[in-house]
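Going down the list, the sequences are from chains Y and V. Residue numbers for the first sequence follow the working numbering, beginning at 2 and rising by one. Residue numbers for the second sequence follow the working numbering, beginning at 1190 and rising by one.
The set of hints was computed from the structure by calculation and includes no laboratory data. Errors might be hidden in some of the hints.
Restraint ranges, calculated between C-beta atoms of paired labels, are given here [said to hold, decoys possible]:
#1 Y:K123 <-> V:N1605: 32 to 42 Å
#2 V:K1589 <-> Y:N342: 31 to 41 Å
#3 V:N1606 <-> Y:K123: 43 to 53 Å
#4 Y:V341 <-> V:K1589: 53 to 63 Å
#5 V:R1325 <-> Y:I45: 26 to 36 Å
#6 Y:E537 <-> V:R1325: 38 to 48 Å
#7 V:K1414 <-> Y:S139: 44 to 54 Å
With the C-beta cut set under 7 Å, the calculated list includes, among others, these residues of chain Y facing chain V [stated by the list, open to error]:
#8 N90
#9 P91
#10 G120
#11 S144
Ideal placement from N, C-alpha and C gives every residue a C-beta, glycine not left out.
Take a look at the letters that make up each chain.
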Amino acid sequence: MEALNQFNDRIIAQKVTPERKAIYRSFPNRLLTSLQDYLKENKIKHLYSHQAEMFDTALDRKNIVITTSTASGKTLSFLLPVVQEILKNPMTRAIFVYPTKALANDQYRNIQPLLDYFGKNKIQAGVYDGDTPVNERSRIRNSANIILTNPEMINTAFSPNHNNHGFNFIFSNLKYVVIDELHTYRGTFGSHLANLMKRFNRICTYYHSSPQFLCSSATIANPVELAEKITGKPFILMDQDGSPAPEKHFYIWQPPMIKGTDYPVSPAQEATELLPELVMQDNSFIAFCKARKTVEVILKEARDKLKYDGTNVQDYSHLISGYRGGYKPKERKEIETKMVNGHLKGLVSTNALELGIDIGSVESTVLVGFPGTRASFWQQSGRAGRSGVGSSTFLLLDNLPFDQYIGINPEWLFSNGSENAVVDTNNLFIQLAHVRAAAAEIPLSLDDIAMFPQLGEIVPVLIKAGELRSENGKFTWIGPSFPAGDFSLRNMDKERYKLVNKIDATVLTEMDELQAFKEIHQGAIYLHDGLLFQIENLDVENRVAYGLPMDANYYTASHSGTTVVKIKDFKEDDIGRTRQHFGDVKVTESVTGYKRIQFHNHQNLGYEELAKPLIKSFETEGVRILIPKNVDILFRKLVPNQGTDIPAQFWKTYFGGMSYALLNATLMLTMATKEDVGTSMLEESNEEERTTSICIYDRYIGGLGYAEKAFDHFAEIIQNARKMVSGCKCNEGCPACIGDYNLDKAIVLWGLENIFEQLVPPKGMKVPVAAPQVVIEKKFEFLHLQEDWSKFTRFMKATGEYLSDFLASVPAVRIEGSTLMLIIDNPFYKEWMNESDNIGKLKNMINHYVNTPKDFAIEFETAQKGNVATRDKISRRYSDLTN
Amino acid sequence: MIQTDDMLRKLNTYQRDAVLDNSPALLLNAHVGSGKTTVLISKVMYLHLVKEIDLTEMVVLTFTNKAAKEIKDRIKAENSKIKDKDMPYFGTFHSVASKLLSKVLPIQEIGYTNRFTIMDPDELFEMAYRLMIEHRFNIKFKNKLSKRMEAIKNGETLYGNMKREDDIKVLWECMVEEKRKQNKMDFDDLIVHATKLLETGVFTPKWVIIDEFQDCDRAQLALIKAMCGANTNLFVVGDPNQIIYSWRGSEKNIFQNFKRVYDAKEMSLPINYRSSSTILEAAKQFLEDSTELEGVRDEGSKIVVKNHYNPFNEAQYLCDQIKKLTSEGSVSYKDIAIFYRTQRQSKTMEDALIKEKIPVEVSVKKSLKDIPVLHWLVSLLKASINHNDKNNIITALNNKEFGEGLSFAKIRGIINNESDHTSILLDKIIGFLQANVENISEVYDYFALDDYLSPTSSTFLENKTLILDFIDSMKRYIDEKNVALTEGMREYLNSSTLYGLHILKDSIDAEDESVKLMTLHACKGLEFKHVFIVGVNEGSIPLRTSTAEARVEEKRLFFVGITRAKDTLEISYYTNPDDYRVLEGPSRFVDMLPGHIVAKEESKERQVDLQSMRKAIQKNINTQEEVAVLDEARPEEKASDETRVKHEKYGEGIVESEDEDSITVVFEAYGSKTFSKVFTSLEYLG
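Construct all of the structure, not just a fragment, from the sequences and the given hints.
Below, the structure is given as structure tokens:
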């Protein structure tokens, strides 16, 4: 940090965690000599304590979940017992499950040296996913000891074909199943995996194999519980980390306010200051952003700065790169390689890099906004310090409730444990989906009752539907041909949109529908690895958008909103003083227009409406609770921006605060995640009375049963919400309990209690405390601009902003009242400047860095001297040419 | 004579007439299950015992070693004094031709010696490839080389749409020369050369008896013709309804032509003793002309038609079903057979039965080339004992799976010392004779075969076992013959090419107490009390065929399968056949079975919506009441304007529009929805 003194005023809190010394163990006695030789060959003379312990425990046939830190050599911990088994018996099979294809490929590259060392007659491995070519698939099925794959492949390839194509050999000889990044399997995805593993275990039993499970997880509160729920087996926890960790510095970074405005600089903009500085100081880093677009904007702006930095002759912009989903696998691989061998200094990434993709060691991590959970925070910050040198993590706070709460109370981040990962293995819909698939795999027998708790209810329905037949005491599948294909493990859109480069007809990227509506609507600027593409049109019918490469000084941000309307109620019930309803609702997300935002100074260049809004809506199930009248009245009184639409500022209101508390309690009860369940408010008018309800709905077409479960237990949910809010360690309300620290939790609690009993509102409202913040003065004063002109243009050049080169070519200026006269030597430039919105952009830019008067204007003055001659000269030369 | 009388008494009139008939040429039209083999053996016995014709004067030609063996065994059983050597010309066409060439015919006239060896089709193909490279022949359509060689043999030189001829003809001539030089014959050569030499009249037996006459091809007919002298009698037995090998070249209109050429008398065996009348009726659906075929048994039980999800699930069902059948006591495992269309379908069934400890025997007609690892091993060993055998050196090294995957050019470079490449395997081949391998058992270690079998692969153990068994069997052969190692290996390796390996059975043992699994082709000539024919899906039974002729043959094949069943027949088709070439659902063969003889359960063809299913279950759990039936009657009549319908999920609505496939309904709360008519159940509300 010493070297980054210029940012000292931003750091509002810091924390140092001490260095952790490595605990080494000599090679376990049982470790094969050939494996010991391999390790020695690779300069590994001893193991970390947890690696040795994991090896011994695995050899004792225990299932293990390991939660040691990101850089602790978890891969080797898995590999030693697995490879040992393979070397002893070359028919051994092991399946390694990764949540993403990219991770499986990365891990395959990691074990490549080991494969090369032992040779293909001793050990083989391969990545088996949707992209694997046919020949390679057949080699893997036939000969690979280690198969790296993902849950989708197990669902649609391994399990349904267990008796074909050599999969039976794999199942028969399966000794190990490795599930990496276990913590990613939460909520619906986790329920699916748990049910998938039930099917998987069933098949293993049929082939008389009983594989051992080795899992790894990020730090979560309940790794053993999660592992046991997912796999259905007992587990041993391995959390004593024997790997060394350097001293780690955590910096909480508050972006400054700009004087004269009421908004702080965005963390993205701050990142574009910090990252080039890290590059120049040879400090390697990963910057984590929450959105793909942020990645691209930061990348472009940081690169601009590295390109035009006046103090450096060299162009350093190639030293950083983006990294996110949407880049093609080949691009990602290239980036990973460059990062490993040091050709890149830093990556700007989404949470794609949160998982264990190996990109070598970095010294710093920059978190552009709080990633949402402490588990993620630790996972991302853990990416720094791999090499054993000291590491730094910068958490750049966003202007969001959670981030600002951390600004007030940084200890919240460090002194609390990680979140629980919840998973409901008995979700009826998911169970039904997997029972159907299981029946097609192996006929259902009485043994399966132990596996699927609702089998007794599911079977009769399937028989009536003509999908099962009772035969010799078993239930045989006679339904459609591919029941495992009737559902998706992740709540993913099946509709994929392509973005095509109109120049060469190449596909730039693919994305799901909602993302397409937000990012590649007509007129949008799509950024890809720092290149800009303007979208000409989005063809919704054919799910394709066409973009043209262009050079613009702005990007776009779409404007979207979510609304919920009731379709039809199935049940309703009294609850306390009010009523709750359960039924079908329609959730609509619409993109209506977009803003153009100038790079670097982030000025809004204007709003554009879409000719036709892009609407994505789905029907699902929701539970709605009517807000009691007295609560409704008070909540409305407390709405911050009176006169503005309440749903538009939902989260800033007490409706939002109450919803937030209820949603948290619902997630706990239904064991779902925020990806599975959503909440919103509905305003309805009937008989001249306006009512407000809070709706909690399943974020899954048709619903998954979460909302219905909430309806059945709503009283309990309200009680739990009260307990969670009042029991929260914060004093007056925080983003963890009510979503926004600006709200007063006493009011939210009062609202919750009023559902059952009419109470008087609490006295004395909380006055929100703002997190410490610095204000930055604009660097230049308007009145001094005439004297400081060359200093100003040098500074502007260093920012890399659009038009800054032009400004540098203006030799002098003159101040006339509130008008800035630019003295230029060619009247044509004046005309040019007046073209389109060039002058507006220039004003924006100057405004951003200079304290300008209110009626600030720009004018041009032409210095004629010497120019006529030049023009005549050119004119003559030209007529020489044309005559 | 008592034996003969006794034997004749057991025959019915048709059968007896055929045995006693003395025409110089007789064509016996033997219908399915009519006692053909009995008649054939009775005929041989009758000729031998009554007519006192020496067995060496009879040629009995069959299509399988098994059929020949069965005839010989039955004769040996009738008279224990008769030994195999007394019946030298009882056997398959190839083995009889081979025997004639090495023992009787003046083989030197065609430039061979009687120590010739026999090449299998792959060896022939490899020879072609080698010559092509050596002589730099320009050959087009290399991927169709075997077809082209077939064509050139039949005198056609052009192939496909070719503007000018290539070197195929020269290649062929070159090959003929090469084979002669190496004293080698391929399978076809055996027949062709024997035919040519027989035409000199050196060998004319008194009787030529042919089984499964319908399967004869042109070359075989020529061979028969060539051995028929003025005093030779012909007795041929066959069933035109069982022509299932025309893809292998059996002659069209063979029965009519035979009658014309030999002025043969025709007789029939029309009575089927085997199958229940229900099964026979089912079988008749697949015959062009079924008027003559008659049964004598009673109706029996109906033919069961069953739908299974996939082969694996069916295998589970069959295990249970077989256990049920056999637990009743009257049925034993050997009474049960399962037929399928292609060999690759057997594995699933076999695995499942073995898992359930049900004894099973799979009929696998395998030649060496069907077992890649042994095919490679034989090349390797042949090359090792004869370094001039370039074909086999190339095969051994070139093989991608087991060899070193070297290209022809590279191999040639190494052999001619023109290359820096080395080959460990080649060094071992060259060094074999000098290595003083004393015991054949050391061969495995000498070549370090583990390294070539990919030890991590799923087939490693199987391949290793095959090789060790092969070596073991070779060892036994050498020990028995008490010959030198190299000599013994040479003999053994050559014999394995012709007779199939000792370790492989080319047919099943019907008496073995086990369930039998086989293809429809392999089931010919057998019978079982209980038969399951599985996978009667379009694309499997019948197989996808391009000609009308082939389609008719598929029918005959199915006919053959059905007529194996004596008491019960069960036919199944799959929802998910595990094979992209096979379509979902029953094939038209299933529909061709008359309804009154079939017991089948109606499967519901309907898409089920998971969400509404979940809701039904949820409702069930909540109320503990009967689940509402999801399936509701769908009226046939078209909905008129203002038709009100009720939907499971959306409630009541008004039909807005409809066409052939879809219907659009406006619901109060949900708005307009369009459904596929087939997949939606709407209740019409008057």
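Taking the hints in turn, this is what the structure says about them:
no. : hint                           : verdict
1   : Y:K123 <-> V:N1605: 32 to 42 Å : holds (34 Å)
2   : V:K1589 <-> Y:N342: 31 to 41 Å : holds (35 Å)
3   : V:N1606 <-> Y:K123: 43 to 53 Å : violated (33 Å)
4   : Y:V341 <-> V:K1589: 53 to 63 Å : violated (34 Å)
5   : V:R1325 <-> Y:I45: 26 to 36 Å  : violated (56 Å)
6   : Y:E537 <-> V:R1325: 38 to 48 Å : violated (58 Å)
7   : V:K1414 <-> Y:S139: 44 to 54 Å : holds (49 Å)
8   : N90                            : violated (10 Å)
9   : P91                            : holds (4 Å)
10  : G120                           : violated (10 Å)
11  : S144                           : holds (4 Å)
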